[in-house]
Amino acid sequence: MNKMNKFKRFHIPSALMLMVIIFWGCERDNFQKLDERNWQITWSDEFNGQAGQLPDASKWTFDLGTGQDGWGNSELQSYTNSTANISLDDEGNLVITAINQGNRFTSARIKTQGLFAQKYGRFEARIKTPYGPGLWPAFWMLGENIETVPWPGCGEIDIMELRGQEPHIIHGTIHGPGYSGGNPITGSYALVNDRFDADFHIYAIEWDKDKIDFFVDDYLYQRIERGDVPGEWVYDQPFFILLNVAVGGNYVGFPTAQTPFPQKMYIDYVRVFREAE
Amino acid sequence: MKTNMLIRLKKYIPIVFLAALFMGCERDLTDLQPVTFPDNPEVFIDGFTAGLNYAAFGGSVPTAFDVDKKETYNNSEASMRFDVPNAGDPRGAYAGGVFFTGTGRNLTGYNALTFWAKASQSAVIDVVGFGNDLGASEYQVTISGMQVSTNWQKYIIPLPNSSVLTAERGMFYYSTGPVDGKGYSFWVDELKFENLGTIAHPQFIILNGQDQVETSFVGVEKMITGLTSVFNLPTGVNQTLNIAPAYFEFTSSNPSIATVDAAGKVLVTGGPGQSVITAKVGDAEVNGSLTIQSQGVFQLAPVPTRPVENVISVFSNAYPNVPVNYYNGYWEPYQTTLSADFEVDGDQVLNYTNFNFVGIEFSSPAIDASAMTHLHADIFIPAALTGNAQMRFELVDLVATVSGTFTTTITPGQSQQWVSLDIPLSNFAGLSAKNNLGQLIFVDVSENIAGFYADNIYFFNDGTQPSSPATAAPVPTHPAANVTSVFSDTYPSVPGTDLNPDWGQATVVTTVQIQGNNTLKLAGLNYQGIQFGASQDVSSMGFLHLDFWTANSTALSIFLISPGPVETPYTLTVPTSGWSSIDIPLSSFAPVSLTDVIQLKFDGNGDIYLDNVYFRKN
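Protein chains in written order, with the numbering used here: chain A, 1 to 277; chain B, 1001 to 1618.
These are calculated hints, taken from the structure and not from any lab test. Any given hint could turn out to be false.
[Claimed, not checked] DSS-like cross-link-like pairs, simulated, lysine-lysine; straight-line CA separation at most 27 Å:
hint, chain 1, residue 1, chain 2, residue 2
1, A, Lys-264, B, Lys-1280
2, B, Lys-1280, A, Lys-128
3, B, Lys-1154, B, Lys-1182
[What the hints assert, rightly or not] Some, not all, of what chain A presents toward chain B, calculated at C-beta under 10 Å:
hint, residue
4, Glu-36
5, Gly-102
6, Asn-103
7, Arg-104
8, Tyr-131
Backbone N, C-alpha and C define an ideal beta-carbon position, used for all residues, glycine too.
Let the hints inform the model, and build the full structure from the sequences given.
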């Protein structure tokens, strides 16, 4: 409920802002007026390859199976590295497919852990989300020190999450010590008369030592500053990237008999930038 | 407030247009546009919008719909209330009707009809929809089974392809009956067309999404059915719509083999050859297709030539058919067989597909086939067989609760052509009665018959085997003094003899006259007793005489019985060729006590005619 209130609070100003932009389009409000940056690319995967290929093993590894207690969230799916669940599509996308196999679900989750991590910068992906009650796609990051400092101490930055029963709302969230699980720092962005599964959108964060800014299609909808977190600010170390489609779980609820399957998340690219010196 | 604002604004829009027109330069012909219809999105907001009418369906309660000023969505002025009647309401059995406009509306700018609804109790509305104009309803869209609750909820009926809706008159329709016999009310408010970006992923489907392949022939017609569309609603849930054929543009890949019209009617026009029937909705692909594999001109089954008086027909265009309950019982749960019957040039053909077994029932009334000698069926297996096929025919007598089976082999060389079968009923193993035949079952024993056509299924009497004697049994010549008679017109019978004692038998016993001679008929024999009026001492007699006649019995024996019972059978040769007369030495029945015989018994099957049953001296 808290999250919903937050969303509503946000939503009305955004509508007003649109009006403002429409009627006085020349002036931009101060919130959107960001410092000029000189981003230089440090890592990317454009997912160009032949249909049926697994993602580049030099960039991604798999999380497999059901984890502990459904990856800590009572999620229903079992992650595989089968090309039925994850493969390139020959059109420049990586496709993660959640499949309903009767009474069990399979899907895929990949990460750059041990292969790539970065502190600060711009992390961006162009994604078309899946949809339907109980579907939970995510583009997110975890602190590289998770092996030695367990979650939530390592920190988690959710650049994009979506509940399939609300295909027009995405959420940007951070979890850290003292503000995790059901009580994180989170913000939402809703499309008016549109939905995120209808087309590709660009989801990004811009992260420096003072703050994390959350963007949809280069629209800044949330800024979380060092002083905003009720616990420790754990975002001064490298984070690695994850992409997955979960089915069911505490965050999203369970799929219903009416949830359409299979469901696909299309990822056109993931790009990481660092600010030039 | 928003609505009012819109209305106020709209007042000015025409003025602006008018101003533009009058202040424009002189018109020339190229400026003329085709007539366009109003694009008013509102159907019922707080009352009927301009030009809206209501008509109730025939048989429904005419007053089921009313404008309600009390129960409204968001405290608006008014809503639409629908009172569903109780079962048995003399005014009508259900609530249903159409909201339509006199002149059409241009709905091309919208993609959904939306409304808010609630009900006095949780209920399922049978159908709600759009595009019913009380006429051809060319662009009808229907949602079946819309769940309503006691809270106001928003509902969306997506428009499958609004680009065709340039002059639509059917705004909204509904039809629903009582829940568990009880009526209730539901309300609809804020009924209007919208252009929603929150509905997505449209799918269009024919033939329920299947890629069907059918063997067919010139002249065969078939409707493309299973026309649906699926949209994903803002809640992420799919909504299925039944939609009219006019939304689809059907195409035949080879019109010289098969054509398809705008209504989705396929006509096979040529062959041999193949045509794939597909469809599009606007530019969108459609799931499902029909591949017609035309064999060319249909090879009709041979026309039956048996005289109609010798035939009892179940399925044929050559004879009047008996009442048939069904030609496919869809027996759950194991039957897979479907029916795709067709008609070519007035000849109907049964077409069983996905065959494992299938039953035809003709039980009301059942067929008395006691006068019939054969079952005829024409069978056509359209797929080329790679090995021999075994098809079993099963006939069921519903009263005697017996069934008989006959299995025939169809060779690969006999596939793709008609095979005419005349199966003697006596070849149906186990069919001990045929007076009340109620079912014919086909079984794919070899499990390699994908499907078959059937035609001319009938019972007949081939005349070579009359089912009853044409002549009376020979008249006995033994002197009456030497005879103790059980059944004969020639001699007095033992007084009090019961020709049909109830021993629990299935046999039907009647006395029939043949050439004026009383003859005892045992129909559908399993066993049958004869109880003498009193114990008989036949120790001075030498023989038991018997005249018997049967065309269809394959087993028959007679027993002589003395108390104990002590009984001994004597086997009779069947079937007979005309009347068989036999004198059985009584010594054959040892150890039956010849001083104290009380009963006779017959055991076996088939229909038996008996006469001149008596004991005689040497």
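These are the hints, each one checked on the structure:
1. A/Lys-264 / B/Lys-1280: holds, 24 Å
2. B/Lys-1280 / A/Lys-128: Holds. B/Lys-1280 to A/Lys-128 sits at ~25 Å (cutoff 27 Å).
3. B/Lys-1154 / B/Lys-1182: holds, 25 Å
4. Glu-36: Not OK, violated: A/Glu-36 not within 10 Å of chain B, min 33 Å.
5. Gly-102: Hint violated; A/Gly-102 Cβ to chain B Cβ min 19 Å, cut 10 Å.
6. Asn-103: violated, 20 Å
7. Arg-104: Because about 21 Å separates A/Arg-104 from the closest Cβ in chain B, which is outside the 10 Å limit, the hint is violated.
8. Tyr-131: The hint holds - A/Tyr-131 has a Cβ within 10 Å of chain B, the shortest such distance being about 5 Å.
Hints 4, 5, 6 and 7 from the earlier list are contradicted by this structure; the remaining hints agree with it.
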